[in-house]
Amino acid sequence: MARFLTPRILGRALPVVACGVLFLVPMLTDDRYLFKVLTFVGLNVIVIAGLALLFGFAGQISLGHAAFVGIGAYTCGYLTAARGVPWIVAVIAGTVLAGVGGFLLAIPSLRLKGHYLAMATLGFNEIMSVLFVELRPVTGGNDGLRGIPFASIGAWKIDTPAGNYLLVWGVAVVVLLLTANIIRTRPGRAMRALHGSELGALASGVDTGRLKTEVFALSAGIAGLAGALYASSVGFISPSTFSLEFSVLLIAMVVIGGAGSLAGPVAACALLTLLPYADALIPGLSKELIALIQDWEADISGFVMILVLLFAPGGLAALGRRLGGTSARGAGGVQ
Amino acid sequence: MKGQLKALLATVLILALCTFSLAGCAKGDGGAAGSGTGDSQAKDPYIVGAVLSLTGSYAGLGAPEQNAIEMEVARINEAGGIKGHPLKVIYEDDGTDPAKAVAATARLIDQENVIAIIGATGTGQSMGMRTEVDRAALPQVSVAGGTVITSDFDPLVFQTPWSNSLVVPYTMAYLKKQGITKIAIVTDTGGFGADGQAVLKAQAPKAGITITTAQTFNPGDTDMTSQLTKVKGTDSQAVVMWTAGKEAAIVAKNMLQLGMKVPLYGSHGNARTEFVEGAGAAAEGFHFAAGKILVPESYGEGTPAYEVATDFVKRYTAAYGKAPDTFAGHAYDAVNLIASAMGRLDEGFTSEELRAEIEKTSGFVGIGGTFTFSATDHNGLSAGDLVMYRVENGNWIVEK
Numbered sequence: 001m002a003r004f005l006t007p008r009i010l011g012r013a014l015p016v017v018a019c020g021v022l023f024l025v026p027m028l029t030d031d032r033y034l035f036k037v038l039t040f041v042g043l044n045v046i047v048i049a050g051l052a053l054l055f056g057f058a059g060q061i062s063l064g065h066a067a068f069v070g071i072g073a074y075t076c077g078y079l080t081a082a083r084g085v086p087w088i089v090a091v092i093a094g095t096v097l098a099g100v101g102g103f104l105l106a107i108p109s110l111r112l113k114g115h116y117l118a119m120a121t122l123g124f125n126e127i128m129s130v131l132f133v134e135l136r137p138v139t140g141g142n143d144g145l146r147g148i149p150f151a152s153i154g155a156w157k158i159d160t161p162a163g164n165y166l167l168v169w170g171v172a173v174v175v176l177l178l179t180a181n182i183i184r185t186r187p188g189r190a191m192r193a194l195h196g197s198e199l200g201a202l203a204s205g206v207d208t209g210r211l212k213t214e215v216f217a218l219s220a221g222i223a224g225l226a227g228a229l230y231a232s233s234v235g236f237i238s239p240s241t242f243s244l245e246f247s248v249l250l251i252a253m254v255v256i257g258g259a260g261s262l263a264g265p266v267a268a269c270a271l272l273t274l275l276p277y278a279d280a281l282i283p284g285l286s287k288e289l290i291a292l293i294q295d296w297e298a299d300i301s302g303f304v305m306i307l308v309l310l311f312a313p314g315g316l317a318a319l320g321r322r323l324g325g326t327s328a329r330g331a332g333g334v335q
Numbered sequence: 001m002k003g004q005l006k007a008l009l010a011t012v013l014i015l016a017l018c019t020f021s022l023a024g025c026a027k028g029d030g031g032a033a034g035s036g037t038g039d040s041q042a043k044d045p046y047i048v049g050a051v052l053s054l055t056g057s058y059a060g061l062g063a064p065e066q067n068a069i070e071m072e073v074a075r076i077n078e079a080g081g082i083k084g085h086p087l088k089v090i091y092e093d094d095g096t097d098p099a100k101a102v103a104a105t106a107r108l109i110d111q112e113n114v115i116a117i118i119g120a121t122g123t124g125q126s127m128g129m130r131t132e133v134d135r136a137a138l139p140q141v142s143v144a145g146g147t148v149i150t151s152d153f154d155p156l157v158f159q160t161p162w163s164n165s166l167v168v169p170y171t172m173a174y175l176k177k178q179g180i181t182k183i184a185i186v187t188d189t190g191g192f193g194a195d196g197q198a199v200l201k202a203q204a205p206k207a208g209i210t211i212t213t214a215q216t217f218n219p220g221d222t223d224m225t226s227q228l229t230k231v232k233g234t235d236s237q238a239v240v241m242w243t244a245g246k247e248a249a250i251v252a253k254n255m256l257q258l259g260m261k262v263p264l265y266g267s268h269g270n271a272r273t274e275f276v277e278g279a280g281a282a283a284e285g286f287h288f289a290a291g292k293i294l295v296p297e298s299y300g301e302g303t304p305a306y307e308v309a310t311d312f313v314k315r316y317t318a319a320y321g322k323a324p325d326t327f328a329g330h331a332y333d334a335v336n337l338i339a340s341a342m343g344r345l346d347e348g349f350t351s352e353e354l355r356a357e358i359e360k361t362s363g364f365v366g367i368g369g370t371f372t373f374s375a376t377d378h379n380g381l382s383a384g385d386l387v388m389y390r391v392e393n394g395n396w397i398v399e400k
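Protein chains in written order, with this note's numbering: chain A, 1 to 335; chain B, 1 to 400.
Mixed in with the good hints, there may be bad ones.
[Unchecked claim] Here's a subset of chain A near chain B, in silico, CB distances under 10 Å, partners left out:
no. : residue
1   : C19
2   : R32
3   : F150
4   : P239
In case anyone wonders, no lab produced these hints; they're calculated from the structure. Just so it is clear, the structure is predicted and the values come from calculations on it, not from any experiment. C-beta: ideal position from N, C-alpha, C; glycine also.
Isolated chain B, as found in the complex:
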């Protein structure tokens, strides 16, 4: 009897705890939603899923991406939506984890019935999602910069950042101009870094550059002194780092600690304020190639691209209190590429029709550059969309 009572008590307690925590959660949410669906629009919304890294190593990339998408969705819906249909974006956080990105994609496709997918933030995550995207046959617009996303061609997959196959030759040409012919490369083992390493190794001979040593680190590592000590033992004239993770700042700091004098070059994966803030003094003199959004004047004042970019910078700064980085720009391009393709189609289109329409995009002036997709090119950008930046007093300066 006593035992029974105790057991009953325990069950009640567990149940109470469960309902309590659920109720607590229900109360706690509220303001977080804000996908900004129009109020009394009668037509069904077009639902797009977005898989972004809001936590983990790429959190600094995913957050501005979500900001840009939310801002653009609100703008589109305030202007009456797409032929009267409001645009609705459902966000999923992949935690910078390919497995979570895949699970999130499955949820978006099967539970939310999305018609297209934006994401992921990272190359590894974008590639992992492909299995689900292929099985459901809907268009995916990735905001990650690995070449493999579009070179390992899938008709369903598009990419808005400059791929490594654009940025690496651009960076090498710049190095050559500085008289640098021997470089050490430090890359992460994740999708973007591994892709960067492969492209760097393939492009170096063509550019007349020798790679003295190729060092790697894993996402999540907290110290790169051992790799950099090996680099220090070579006669490299520069260190080229290829990573989009927050570990980039550690590489810069460790180089300073080891007293390495050679310059550090990065990639478009480092075009984030977190890097400059995280590396502090170690970021001074850091070079990287990226798009023009960091210094909109580099688009050329008065050009259509300049107008689009300054409008974006103005609205983003007003909404979020700081200027957008390149990652916000990639997400802006992704959501607008999808929305403009939807706008060109008749109502009731299928996923396949949407995919085909995105592929027809030509001369779309975005933030990353001017996009022209074709049946064989789903990146659609050119080296002319890039500039070389240098960090000076914590600011980005365009190298002439």
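Isolated chain A (complex conformation):
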């Protein structure tokens, strides 16, 4: 193996290469379906970046992230479709509202840990699901909200699948850079300390209460941002999209990817999101096979999660590190 391919350089170069490839895609193909599918991956990557921060680093579980995505999506959808608010304002509103929701949920949850926190956030997701159905004047009830306009800034409208793809992945890269930065710096170390031992973190001078609410609000806000982008790129939202099922899938992505890593969950997120859309990447797959994968999607991800927990508790990230032969030392922030 060439000397310059040390894991450290590889770890630095890989994200750059990945970004390069991501933004080259529109020049290589004009397959509308592929763009839509990759846009979904990008949207989930944004949510996962926030959830990795909360769950993977700070050790605070949330089974309510789908609800935050929903808050962002409905806020953006309602404001742009029914109120004619400029897109960028609606996206900011969706992000902020979801962040405030996360903050409010975090306050009573400060006293909760482990299973109890999981139950509280799960309850929150269910409450929001009911609200999305029953708040008909705003959400359109079961039938959802349709006719949400595309993203636009002034007169410039992003109305092609390729444009939406670039928009979503552009935001995703920025979010990933920000989270990687947080992880590398003081708040990131405080989060890891909190994850390791709350008492220890307290003893080291970390205001754990404040840290928890902050990271919860940030993570929820990021989920809201993804939701707002989802609303404008798909143009239609309905309650079933933001159900508990989606929250569980998000947690599965972080678990399979590996706690304490950003690259692992992002990779797991890409794999699990692409699973039901395998026909976009692999031409010639039969429709029946795709239908079967879609039917068994939850079972496949559940099974993979069990296997990961049994055989590779560190997830994809730890697998990557171990196969790469590096020590587990470098916590693998961005790697």
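Following the hints, put chain B in place on chain A, whose structure we already have.
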């Protein structure tokens, strides 16, 4: 070293599992396809997408719809296709979920390059799909019965069932004839039920009928006792239920359990055997207005509509072992409206030309009735296409 080995083992296991499950799936399929493309036809097929509810609350509607479409596609292709082009329909299941219907539509448009779309089974799903249909500008023929589908007019969207704005006045006129002037309404909050509630409320004053209470339930609810208890407390002379979901049977059963004596009226959304089977004894005496296909004699023997209907009933019964319901009829109409428009066009037509040609449909004798579309009417049916049914001993009887 040991750790590395273990990690390697885990990766191999996961990969093996993935490929194994994929391979297993590949083996498991096979017979399910059957869209019946002709064998050695040289011309490219015309590809139409169909978004149907094969699972979820409307599964009882989507399944006969798919049956009817498969049967008609096979018939068209055996007869040489459309000017030599075989017709190919690609099915997607929306699980009675608007979000899935939208995703399925996107897949059909972008991945399968369909030229037209049939569906969805439900009103909410049909409306949700509109965003994708509008963005791609191709014709959609919905098989759902909400008025909103054609009253919230979109030049791209057609509808084959009788819309609520036809069925509600028809039902109210019948109620009035029975001397019923005070009704309680029970509707679902989904597209069809919400639409029905709006039309019922708008039409009641015109028909001289008072609505004593308007109760709703959500798709998926399993008990309507609380809503019906409120109904019981009013002096309603009849309960009018507007839903196409499987929850209809629960309403009928709960009424029986509560000992309610007032008659229950439904809509064309209940013209399904699942309702009669599901509600059992509670379905006895249930009234609903729907098209004539349930009792083909009501078309009038010897008329063109009667011929079309009996031929359809005969072939459907031979293929699937039971008589078609109204939903199979809506799908029959949808696929034939599209196919006949394609047949009138020159080869190499565009989506817009197909849309314009469907709009020119005039006097098309289908199962739901005789369709005449115009630039402002994309439903094309009239109240004359309806009859009132009563359930008696588990069978549908036409009320005189």
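To see whether the hints hold, each was checked on the structure:
no.: 1; hint: C19; result: violated (25 Å)
no.: 2; hint: R32; result: holds (4 Å)
no.: 3; hint: F150; result: holds (9 Å)
no.: 4; hint: P239; result: holds (8 Å)
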